[in-house]
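For the record, the sequence lines run as chains A and B.
Residue numbering for the first sequence follows the working numbering, beginning at 1 and increasing consecutively.
Residue numbering for the second sequence follows the working numbering, beginning at 1 and increasing consecutively.
In short, the hints are calculated from the structure, not lab data.
Beta carbons are placed, not taken as given, at the ideal position from N, Cα and C, and that holds for glycine.
Incorrect hints may appear among the rest.
[Said to hold, decoys possible] A few chain A residues that don't get close to chain B, going by computed Cβ distances all over 12 angstroms: (1) Ser48; (2) Glu67; (3) Gln283; (4) Thr325.
[Said to hold, decoys possible] Facing chain A, a subset of chain B residues (Cβ under 10 angstroms, in silico): (5) Arg3; (6) Gln5; (7) Ala8; (8) Leu9; (9) Val21; (10) Val25; (11) Gly106; (12) Gly152; (13) Glu297; (14) Glu394; (15) Leu456; (16) Asp460; (17) Met470; (18) Ser474; (19) Val481; (20) Tyr516.
Single-letter residue listing:
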Amino acid sequence: MEKVKKGVRLDHISKIYQDPKTGKEFYAVKDTSLTIEPGSFVTLLGPSGCGKTTTLRMIAGFESPDEGEIYLGDEPINELTPNKRDTAMVFQSYALLPHYNVFDNVAYGLKLRKVGKDEIRERVLKILDLVELSGMEARMTNQLSGGQQQRVALARALVIEPSVLLFDEPLSNLDAKLRVSMRTEIRRIQQEVGITAIYVTHDQSEAMALSDNIIIMNKGVVAQMGTPQEIYYHPVDEFVADFIGEANFLRGKMTGRDGKQVTLDIEGSPLQVEGKDDMEIGQEYTLVLRPEAATLADEGGLPCEVVLSCFMGSYQNYHVKVGDTLVKLEEHNPKNKKIYAVGDRCSLVFDPRSVHIL
Amino acid sequence: MARSQGAALDRKKLMADPIMVTTIVVLIAFLTLFILYPLAILLVDSFVGDGSFGFSIFRRIFAMPSFTRAITNTLKVGFVVGILSALIGLLYAYVEVYVRLNKFAGGLFKVVSMLPVVSPPFVLSLSMIMLFGKAGIITRFLLHIYDNNVYGYWGIVIVQTLTFFPVCYMMLKGLLKNIDPSLEEAARDMGASRMKVFTSVTLPLMLPGLGNAFLVTFIESIADFANPMIIGGSYDTLATTIYLQITGAYDKAGAAAMAVVLLCITLAMFAVQKYYLEAKTAATLTGKASRVRMLIEDRSVKIPLTILCSLGALFVIMMYICVPIGACFPTWGYKFFPLTGKWFAQVFTKYRGLKAFKDSFVLSLIASPITALLSMIISYLVVKRKFKAKGFIEAVSMLAMAVPGTVLGVGYIRGFSGGLFHTGILQGIYGTGLILVIVFVVRSLPTGTRSGISALRQIDKSIEESAYDMGADSFKVFMTVTLPLIKDSFLSGLVTAFVRSITAISAVILLVTPSYLLITVQINEFAEKGAFSLACAFATILIVITYSAVLLMNLFIKRFGTSKNLKED
């Protein structure tokens, strides 16, 4: 695919909807600006109603933004109808044409583009080979499994060689196992083709596994954009920290500073961590602690009491109380470690470098 | 918050689609010109028809005893027919859904539900007169009652009930099937008798549906023209009074005002039915039945119910069969044997039957594809697209459902005989075949649109979006995706439109000119004159035509229909 790769840019995009019950207007997407690099795989991740699907549908052209402009490459595309946009979408329900067989489904877009018969045949077969559906051309779509239908939908979108591939929660109708293998597949195909892909999902593991960049959305605005690592280790706020993975929040007042090191008072115990430059003594701060980053010991950390202890196979799941704060933690590979029981008083231990200050 | 940019962009995107814009504009023009305008002109006529604005015409018609009597007559008939039809329909629906029927009874039920669809509306009036009238086979020759009068109130009530109850039966059957059997099983399990289950569970769940069936029948009965015309005798209803006012008394302004009164009644009923009862029915009976119902095997319940309903069904079927047989009697009322084909021969030799059939057939054949395509386009626009005039298109095409044929007919006379607003523009279409075709289209449009809308709602919106996204414009999407997916609905819409058109009478009887002979109008004329054998001969051939059309459609759908293998998905 010799085509020049194109990115997508959203410039202060807003979309306003009307609540059908109350008649009140609200921002489904509010003043969102984004740059998606050519050839990258970007995921829009967020809870339902956060505006991720609306954003995707605005890029596809099904919805029109109430403010701002959308660019494909350098070209503004606000006024283009979906059929004139160089994007192709893979739908949640696959949306295969039920009266066509696999071949005709994939060939549909090419026929509309008046591609010659021989070339259609060649390109369809090549793309079906890519999604590993060779030999299935004559099947009707209702004779296919969910995973196969998904591949047809993907092939249909790929075959017209769009600049951008859009995915609207494409795996949510599949069972858990298939979901995992399909996402690897989608990533492989995207890398092979080198196409720009925008992927909407509410499943964080899907987002982690697929993306070069994740965009977390909440209530119509972008909460954070970054690589999976950035988002996991350096969330910008409690929402992001809580949404991606499990997070514990420890709150404490800063009591002192020694160069980069700051001291915080957590539930009456001092804790030394690497601070940020703009932190001030006397202010309250929130620390993010991931469950796998902490462990329990008899002493040497924050004093705590075990309120839940549960064997999960690969790890021991604890809930402990540090003062009034509940902390969840996962002790991995618990076989030869000391297991604490409910009611035990012990110590919450973690590497100060593994906490993140919001 | 300003949604102006989004709205402007949506508009621009719409404008980028010239076929779509043209379609919408043409559609709006059509609906305005042929549904809204004729009704509007009736209003204008009835308020300013005598030169000055005011209620004087209404005052005049309400001072006519014949008119006020017609109102009470119409409401009385509609009320009783509505109740009887809903109850009989419920009985049949209940028996079909709850009782294990043998093959014979099941077959009878099916025939009964089919008959009113394929036969012209006034067939039962004919057979009623022939069987139970003064010279009726049953009354005079079997029971030796010589002065039985079928004309009038009871004649209309019986005939309309027999005509409309199958519609209620089909409506209520669908609803009963949606009741989750486990609700009733739970009641049984807690100790309720079968009767108690019916009165405490089934009936309350069905009440909105029953109300709905009642109102639909009520509207049909009020709007019915042909039956009161043939069997009403001196018992006039609104539809016939309006007809006589315009054809007999030449009082066009008076007829217009009467039509407005009739329209107000049906519109009010329609509003209640559509916005109140339909929503309620949907709210109480939405879910699909979770499992198969245990049918009633109890012989003490099963046998009497089956026999009762089968006898009723046989009676209805006999009424219909009476028509072709009646067409074969040498002299009605005196000589029944040997059966003869002379009336059929006369239809063609003496009474220009061939022309009547040709005219009816050709006009209906022209109207039906237009209707079917138009209703599919309207359904597509209403269900799948969003644009400003959508509400208008949906409302007006549904409004046509509530307009009685007679009202529409008067509206067309007033609206087009002197051209648009009596200016002479478009006057040319009055009295032509074109206006008949348009009336056929308008009369069948609501049914087609309704079935199109429900068919389209079944289709995932993203299927069309995906085609659009792949690069197809609206026209391509409609032709390559939407239409193939609702092919069955389109085909049945085609036949329904054909059948409705060829059996229509109420509006066209006011608009037809001597240059066109329509079968239904012929039947009406011969029945009026008492030439029942000829009327029956015409009606028989008509039934044969409509029935063949339905058969053809079923064959066609079986062979070429797509939906069947799609539904397995």
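Here's how the hints hold up against the structure:
1. Ser48: Answer for Ser48(A): holds, closest chain B Cβ roughly 17 angstroms.
2. Glu67: violated (6 angstroms)
3. Gln283: Non-interface label stands for Gln283(A): nearest chain B Cβ at 36 angstroms, farther than 12 angstroms.
4. Thr325: holds (40 angstroms)
5. Arg3: The hint holds - Arg3(B) has a Cβ within 10 angstroms of chain A, the shortest such distance being about 5 angstroms.
6. Gln5: holds (5 angstroms)
7. Ala8: Hint on Ala8(B): holds, closest Cβ of chain A at ~8 angstroms, below 10 angstroms.
8. Leu9: Hint holds; Leu9(B) Cβ to chain A Cβ min 3 angstroms, cut 10 angstroms.
9. Val21: It is violated, given that the least Cβ distance between Val21(B) and chain A is near 12 angstroms, above 10 angstroms.
10. Val25: Hint on Val25(B): violated, closest Cβ of chain A at ~19 angstroms, above 10 angstroms.
11. Gly106: violated (31 angstroms)
12. Gly152: violated (52 angstroms)
13. Glu297: Violated. Min distance 37 angstroms.
14. Glu394: With a minimum Cβ separation of about 17 angstroms from chain A (threshold 10 angstroms), the hint on Glu394(B) is violated.
15. Leu456: violated (14 angstroms)
16. Asp460: holds (5 angstroms)
17. Met470: Result: holds, 4 angstroms to nearest chain A Cβ.
18. Ser474: Holds: closest Cβ of chain A sits about 9 angstroms from Ser474(B), inside 10 angstroms.
19. Val481: Result: holds, 6 angstroms to nearest chain A Cβ.
20. Tyr516: Since chain A brings no Cβ nearer than about 40 angstroms to Tyr516(B), farther than 10 angstroms, the hint is violated.
The structure fails to meet hints 2, 9, 10, 11, 12, 13, 14, 15, 20 from the earlier list, while all remaining hints are met.
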